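Student: The residues making up each chain are set out below.
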Amino acid sequence: MPRSDRAHPAWGRVRRPAYGADYNPEQWDRATRKDDVRLMREAGVNLVTLGVFAWSWIEPGPDTFDFSGLDEVIALLHESGIAVDLATPTAAPPLWFSHAHPESLPVTADGRTLAPGSRQAYCPSSPAYRERAALVTRRLAERYGDHPAVVMWHINNEYANANAHCWCAASADAFRDWLRTRYGDDLDVLNDRWGTAVWGMRYSDWDQVVPPRTSTGGLSPGLWMDFYRFSDAEHLDCFRAERDIVRTHSPGRSVTTNFMAGALRWSDYWRWAREVDIVSSDHYLMSEDPDRAADLAFAADLTRSLAGGQPWMLMEHSTSAVQWQPRNLAKAPGEMARNTLTHLARGADGALFFQWRQSAYGPEKWHSAMVPHGGEDTRIFREAKALGNTVAGLADIAGSTCPPADIALLLDYEAMWALHLPHRPSGDLTCGDALRDWHRALWTVGLPCDLVPAPGEHRLLLVPSLYALSTATARALEDYAARGGHLVVGPFSGVADPHDRVHPGPYPGALRDLLGLRVDEYLPLAAGGTVGLDDGSTGRLWAERVLPDPGTEVECRFTDGPAEAGPAILRRGTTRYLATRPAHSSLLRLLPQWAAHAGCAPPVGGAGHGVEVTRRTAPDGRSWLFAVNHTGRPARVAATGVDLFSGVRSAGEVTVPAGDVAVLVETPR
Amino acid sequence: MPRSDRAHPAWGRVRRPAYGADYNPEQWDRATRKDDVRLMREAGVNLVTLGVFAWSWIEPGPDTFDFSGLDEVIALLHESGIAVDLATPTAAPPLWFSHAHPESLPVTADGRTLAPGSRQAYCPSSPAYRERAALVTRRLAERYGDHPAVVMWHINNEYANANAHCWCAASADAFRDWLRTRYGDDLDVLNDRWGTAVWGMRYSDWDQVVPPRTSTGGLSPGLWMDFYRFSDAEHLDCFRAERDIVRTHSPGRSVTTNFMAGALRWSDYWRWAREVDIVSSDHYLMSEDPDRAADLAFAADLTRSLAGGQPWMLMEHSTSAVQWQPRNLAKAPGEMARNTLTHLARGADGALFFQWRQSAYGPEKWHSAMVPHGGEDTRIFREAKALGNTVAGLADIAGSTCPPADIALLLDYEAMWALHLPHRPSGDLTCGDALRDWHRALWTVGLPCDLVPAPGEHRLLLVPSLYALSTATARALEDYAARGGHLVVGPFSGVADPHDRVHPGPYPGALRDLLGLRVDEYLPLAAGGTVGLDDGSTGRLWAERVLPDPGTEVECRFTDGPAEAGPAILRRGTTRYLATRPAHSSLLRLLPQWAAHAGCAPPVGGAGHGVEVTRRTAPDGRSWLFAVNHTGRPARVAATGVDLFSGVRSAGEVTVPAGDVAVLVETPR
Amino acid sequence: MPRSDRAHPAWGRVRRPAYGADYNPEQWDRATRKDDVRLMREAGVNLVTLGVFAWSWIEPGPDTFDFSGLDEVIALLHESGIAVDLATPTAAPPLWFSHAHPESLPVTADGRTLAPGSRQAYCPSSPAYRERAALVTRRLAERYGDHPAVVMWHINNEYANANAHCWCAASADAFRDWLRTRYGDDLDVLNDRWGTAVWGMRYSDWDQVVPPRTSTGGLSPGLWMDFYRFSDAEHLDCFRAERDIVRTHSPGRSVTTNFMAGALRWSDYWRWAREVDIVSSDHYLMSEDPDRAADLAFAADLTRSLAGGQPWMLMEHSTSAVQWQPRNLAKAPGEMARNTLTHLARGADGALFFQWRQSAYGPEKWHSAMVPHGGEDTRIFREAKALGNTVAGLADIAGSTCPPADIALLLDYEAMWALHLPHRPSGDLTCGDALRDWHRALWTVGLPCDLVPAPGEHRLLLVPSLYALSTATARALEDYAARGGHLVVGPFSGVADPHDRVHPGPYPGALRDLLGLRVDEYLPLAAGGTVGLDDGSTGRLWAERVLPDPGTEVECRFTDGPAEAGPAILRRGTTRYLATRPAHSSLLRLLPQWAAHAGCAPPVGGAGHGVEVTRRTAPDGRSWLFAVNHTGRPARVAATGVDLFSGVRSAGEVTVPAGDVAVLVETPR
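Chains as they are written, first to last, in the numbering used here: chain A, 842 to 1510; chain B, 842 to 1510; chain C, 842 to 1510.
No wet-lab data here; the hints were simulated from the structure.
Careful, some of the hints might be misleading.
[Said to hold, decoys possible] Derived CB-CB ranges, DEER-like: (1) Glu-944/C <-> Glu-972/B: 31 to 41 Å; (2) Asp-876/C <-> Arg-1430/A: 54 to 64 Å; (3) Asp-876/C <-> Gly-1150/A: 46 to 56 Å; (4) Asp-951/B <-> Asp-1354/A: 19 to 29 Å.
Note that the coordinates shown come from a computational prediction; the quantities given were computed from them, not determined experimentally.
The beta carbon of each residue, even a glycine, is placed where N, CA and C say it ideally should be.
Given the sequences, and given the hints that come with them, work out the whole structure.
Tutor: Written out as structure tokens, the structure is:
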């Protein structure tokens, strides 16, 4: 949950719902900028993110600052009543910097120094980078900290995207320092945690410790895990340093950085979320995925959960196509609005696009924008304008929240990283896939859910994959079950500790007592293989030979495969264990059963299978029902209230046209 | 078109049709060389390319020259009346050179220096390489410039094949020099052209400019485009330097270098063609392609076009298999002769093989040759001998030309490179594929065509793909249409300028006025997707939402897909625009329609679908009709004349046996 | 055949059949080690391989030795009567060594130095490595050479697995020295052997010679061949140096190193086998291969053949899953025992697992072991215990051997390497595939075979692929045929010499006279293509246009494809030549025919198609029949004798249950 207090109010001066885009005026001449502001007003834009890649614009040479362009643009925006989310430009150091400090460039695992010329061409541990980033941030904050147009700060951009990990000498030094702190300067502890007794890879001197470079074979998984943690910590340190400078000079303004939450990569956003005032995130669809609408909900639910259920901001998405996929399909008419409203429906208090005006050159010129190359007389700008109007009509929802779901999905980043390492029973069994699969199934059947880093108060806690965990986490799960929480744990969970050392004793290690069973052997399936279950379900990728403890009930058994006749789903009290990964079609049947057992509320009538129904509620009791119809057919949804746009009152049911969205102000219940 | 004047006559002393091969006598002992000459005479060889990889043979150590071997071989050939196309050996610097000048070795984009031991192990910008290449060229030209056997010079070999681009320090220096010249030493101009405002990648000092090395993300497309141009220019500079030395010492001899025209890669051969006396090219089939015969015609048409319609030379092809494909299928009996005659039919005045005698060792020993490992008592040598006889019988065609076609395909190398860059709407949409597809369709329906770098006098100009173009090119297309030329422009054309900056205003930018339409949005298709058109056609890869201007006729509409019901083919006057890439089967129907509208001559009766019918004409009115039957069935072709080989007269029709070729001296029309 | 004499007896003090595992006590605490010994006794373990990766355990810093742990463990084992196969730990130099000697790390072909942190992170030519490896070996041998528990030495581990070839500067120096020795310090000889006349890549100074680094194009195949030989020789030198130290200090103990025979990679084990006292090898199944049982027999037959037919040792296999395949399927119940007994049935006098107790951490923790993570109450440990009992029951077979087979498959490592090089007629045509295909077909029809490096006394010698060979080898094949041996030679054999230079004259070069035919042209097939033969067979990958000499009989002809109507199988006396690679189904028919012609004994009744029947015989006339049923159905096998386990006597036939193994003490015949 984001840290917010009187000194650092969450949303501060930001008008909501925020609507706008990244704005890169340094790419355009003065006339175009004037036109930009005119069109922004026309489109209902009330917030733009400014200066994300402007370092060389404002500091064209070392210690030579030129704020004239930025001054002018901020004034122009301010005159037109458009607020500014001002970015520190530190995601893209200028070429003069990289040229003067080649040692600041990222180095790959096999020792190649990456050249400058693109963004994120820096190592987060580079002292020179950190020094210059602090300086430009300070100068920027000093100059604009009090500016009335500046309502919000945007630190850097998509941390750890292209430079998540660096293998340079400075990284190695910083890694050693980080490890010495972590392990109390005791190399024996490190050797123990990393299991260096294997292959005799014991460290006898700190100088021998280096990041996990390309080698003749496998390296210690513990080394990898700590390198992942260290790298994440280095980026977060960079963020904190800039944030603190900004806060000093710009009181009362909200600070954020744009996560890439839906991508499930190398940042443990549960930790990041505590450091920002507003949780914001970028979201891009895989345009060739026919089920891509489900990914909107996943990313939104995750971001809302990172925000502790409080309003969050969609910092970037696209009006239509992107340019970095093999084939970049355009969004269909109406899809942009549907996407945007899906995010608002799931708790966003604003939605911005990357970017305002489509670049005419450079690597992102084929990324769509609010103003396409073709200008205002285009489908996209017309839709953006209409959407601006729609969003403005939703002003009342600002600050309202989605009520906590009955169901939660557990996401543990470190467990995800651990399962990503090589030399596993099956490379097919990833944590991210399991999370997405389960969320997509919940979405398909219309059951709302949150994501959580640890057990909380939800009725049903789903743990699709938790390969690595501490014993403390295991205790927390036991406590959750002990206080009546319903729990479903996926296969190959409970196995290893956070250093990827197998918990002693029979599987599933740390979860053995909770689950009331032993796994005799993990039994990965061959490529494409499946197993049958005697309740008609199908399992994918994996099976296990499970031996239930007395008192553990076998709910269903394998009908074939390597664990034939053995238990496939087991229950002990309110806790279930799955010895396989259910296929999507099976999850569609199992999840509602488990939800019903746990006493979760059923889906709203008509919800599911592409029709999303969600609710936002205000502290004063008002509530809004959002019904998003991603399908090509009209949808009938159980709802009572007044349509926010048409003013039509519905009692009991509303029909949402194909591809459309309805927002109802609900009759107080 | 090749530059040719009195001082540098195009074909000079070369006897035509030339027939022969690359000859590498340094691989063989004296007895074998004598046998070689005997067999060459038997096979009707009248020209051999000598010394292509002979640098270390003639200069075994620095400044130590030994011409005894070459003297002997040239004398031997001369005695037997076999002319020599003498090569400068600069494609393969000796190991003593590479060892003394490791800085001359090519460096990859990620900074790896490639080791010596193979050919083309040099950077074209290396001062040391250029100096030594000039020296060996001068010594060679001084020694053999006046030799009566030497009728032609062959500079280097397949420029830019393995070393097209180099990222070494010398390349970086030369690149900066080239850019300073190109941009008048004005870094602001460079920043503007490369669009460095994006991501703040502005250059503030020339030293910051480096070739596009591997980096964290995308680099400026303008940087890439200039690097492509620079690299091509460097190779061309190398060529010019050697050519000029040769011309000084060997007056009256033709100079060439062997292009790889059909491969459509990194050399803008329109520029190269102006620098040679004879345009020559290598051509190799993809042996597993069942439609490989069509590629012969494409390469031949392109090479003839590069020669401005004048006779050209097939410098290398194979008698049977090559050795560098995954599986190297042998040519079927008769295929070598059919290949050769296809090239002659399309304007070649000679055809040489790589190589004369198959190497017994080294990386090319499994590349077929005129004399196989098995010697003269082999299918291949027997066929080579018979073919020599056939070619000799075609002596009269020397100097005749193929009449200009009614149809031209526009090939713009820079537009091809631009579409090759990453971060496009669809990586599937390449320029080379479009060109080959359209040419293959023309070939299939029997319609002859030329290739052109710019609009000329053809009745029908086909522009399958022209993503990037200058406004001058756009004006040239407008002029062409204005003077009545028929034009068909493929999708995603007219969009960007030569620096890959999008032309301002609605798509298709520079071609908007000419085409009389706007494209609202580009709509790439998912992998493998197609769209239907209401004339029964099928579109591939791509669609567009097109808005016709008044006066622009919609000839056909999409029946499904992302542009459903929108225009798919539009016509304004004599100009057509396609909003998709037609499938091969659709092109087979559309191209003849467009040709008919433009008043192009219909195919000769019986031509098409594997039966090629082409004509060569002499200034004195004589003409020869070539009918090549690539199929497995006899073909009847409308033709009147006397069979050059059998002397049989045909009136109205000739039957060409399966797999055979007929050449008729036509009755004057 | 392994070198063995009075001073170095083959099996020395090793109790047989050996049963046990690699044991890595440095990963476990004292209590666990005590438990280990208890469980080893329970499981019938009589031999453990100790200390394979213990370098940093026994030499935690340079010249600082600490043998206390090893002392204790060896004592513990000795007390319990478990013998030790003591390993030199040189496969995994400690980090203190790599850190002090970064120049000892392996370098890749493209110049990247591999980082330390894994095993085999050393260059075998590194002087520093060799010095330190010799020192630790000497100290170990001095200390334990006389220890009564130590019955055997295990040098290093899986030589050349991850560091088969190294391109570092020390390797380059050593390569040059090796070449100078090989070529009598005469660079002209090297130039001749490597065919450097091609592309003018002549060496004029030894300094120009470097290992085959990544370059612009193909390098001399002769360079590659010598680099392969050199690299193998360097590893073998490392082995010899350690072995000789061990022999000095540990008389009467057997010395081995664990081959990876079944993998057919970069070690010419025919040469290695002469250097060891006991031939031992590791074998791992590809767990997703449904026909994986056949690979057991291949590896076992090869290892037995390397041992010259004498007993050998399976040094490593797995109790269940491994961890390095994409998906690591567990072995089915019973499969471990069946695997083990298959090896014993084919001549092994022992079978050890990697490893005793499954690691709790590190890259191999998901590799199964005798004691799984779950401890003794697991399927795997129960089966391991039962298997120990079974193996103990086979004590009488120790020292017995499999009688020589009537059929031999020729394996020439250098010919395999030569066919692995690029720039061949078809990349599909590998030597290893042919060997495995033919062996699998023999296995399927129940015909036993040996592997040989050269013709011997077998009735039928199969040569599936022998692309490169010396004329001496060709003479040996002629001699074999001349003395009545039956011979079948696969396509593309006889072609090149050991430097990959094509033998002069028509194909098949060195085998032309023996086979009595000429090949006019090699005719590779397109991907997935096949050809028909008029005996109903199908050919894959390849065809040839063959011209038989007078007296050579055409047994069968192609019915289609590029050699249609030409000879496909030819016979001259007792020698056959195949102009294609027969499909598996065709081999199943052809091999028994050829075997019958050669007078080979037919398969035992019931053998084949997953039912293996093999025999071991003792010098005193006793014999044992092993019947391994890999299928899911009971198998009836012709056999007479007493079941070793049940004591039941069978006369004429025995029924082996599905998945089971029967061992019969045969009635003297």
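Student: So, for every hint listed, does it hold in this structure?
Tutor: Consistency of the hints with the structure:
no.	hint	verdict
1	Glu-944/C <-> Glu-972/B: 31 to 41 Å	holds (35 Å)
2	Asp-876/C <-> Arg-1430/A: 54 to 64 Å	violated (46 Å)
3	Asp-876/C <-> Gly-1150/A: 46 to 56 Å	holds (50 Å)
4	Asp-951/B <-> Asp-1354/A: 19 to 29 Å	violated (51 Å)
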